[in-house]
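Undergrad: Residues per chain are reported as follows:
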Amino acid sequence: EDQVTQSPEALRLQEGESSSLNCSYTVSGLRGLFWYRQDPGKGPEFLFTLYSAGEEKEKERLKATLTKKESFLHITAPKPEDSATYLCAVQAGNSGYALNFGKGTSLLVTP
Amino acid sequence: DTGVSQNPRHKITKRGQNVTFRCDPISEHNRLYWYRQTLGQGPEFLTYFQNEAQLEKSRLLSDRFSAERPKGSFSTLEIQRTEQGDSAMYLCASSVGQGATEAFFGQGTRLTVV
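The listed protein sequences correspond, in order, to chains A and B.
Numbering of the first sequence is given in this note's numbering, commencing with residue 1 and proceeding in unit increments.
Numbering of the second sequence is given in this note's numbering, commencing with residue 112 and proceeding in unit increments.
Isolated chain B (complex conformation):
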């Protein structure tokens, strides 16, 4: 399967713990995005990388959230000191090229904070 891969698919954690998610984009896609989706809502943009550079971050993104994309390949999203409000589906997407091009999404990581 050459699509966007996300791990783990599900994560249950206790409030206050740190969690890290991984995203492997489609090979040779230079852009990588992270989104968060809660029930009944559309995905909400978190951050965006072009190759290894983090070019955009949502102003809604808490300082507890950090993302990296070393060497412009896979990416990780870490949430520190998790809160119940962090419970959501975390989606990764990737795209290639210049201008407005379609992004392809992974299956997501479902986070539950108890």
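Okay, chain A solo, but in the shape it has when bound:
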């Protein structure tokens, strides 16, 4: 059965303190791995898609990387506005086009 595990569950950073969020996955035939940001009471906002091991994507202070077993979301010099829940999801070859989400990492960046 496909599994997506995110760690840590919660992370508190000082503004400017870089860190990484982890997404470990076990799937049969990865089609794509997706990162989303979700603010309280709102729908997830798309950030990145990664398709194969070794791939990297960047956007402002965020950088996503992918290996055969896990993905990392690196946050460089975060700002308070980066505070949100970050969700990882996988789309597997045996599950059609449904996204299988992890529980997310709740990030708080303090000034």
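Just so you know, nobody snuck in bad clues.
DSBU-like mimics (lysine-lysine), calculated; alpha carbons at most 30 Å apart, straight line: (1) B:122 - A:103; (2) B:182 - B:168; (3) A:42 - B:125; (4) A:103 - B:168; (5) B:168 - A:42; (6) A:57 - A:42; (7) B:125 - A:103; (8) B:122 - B:182; (9) A:69 - B:168; (10) B:168 - A:68; (11) B:122 - A:42; (12) A:42 - A:59; (13) A:103 - A:57; (14) A:68 - A:57; (15) A:42 - B:182; (16) A:103 - A:42.
Where chain A lies over chain B, by a calculated footprint (3+ residues, C-beta under 8 Å): (17) 147 to 154; (18) 212 to 223.
Simulated from the structure, these hints should not be mistaken for lab results.
Think of the CB as a built atom: it goes at the ideal place given N, C-alpha and C, for glycine as much as any other residue.
Following the hints, put chain B in place on chain A, whose structure we already have.
TA: Just chain B now, kept in the frame of chain A:
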């Protein structure tokens, strides 16, 4: 705004009542998804349409839940005989193209069953 639109944003209903939610996807997106999210959890897949055809349903989806997408445009999700355990955020998403492509989510409908 050309994003995914969901209505209503909030719904409070009494246990046993039926509710219906509407989702308007991004124009020309051929795929439409419904997910459910409870506090502290990631979104959980419910069902998926490609154009007007419902191609996937989660095996966890109760018979009280039904979804339609007439003419491959907007979609509705109906929950019959609501239970307190149905209280959650119901999210709609849409995507376009073939293969693994990113899905764009609406703001969700928050359902509270009292």
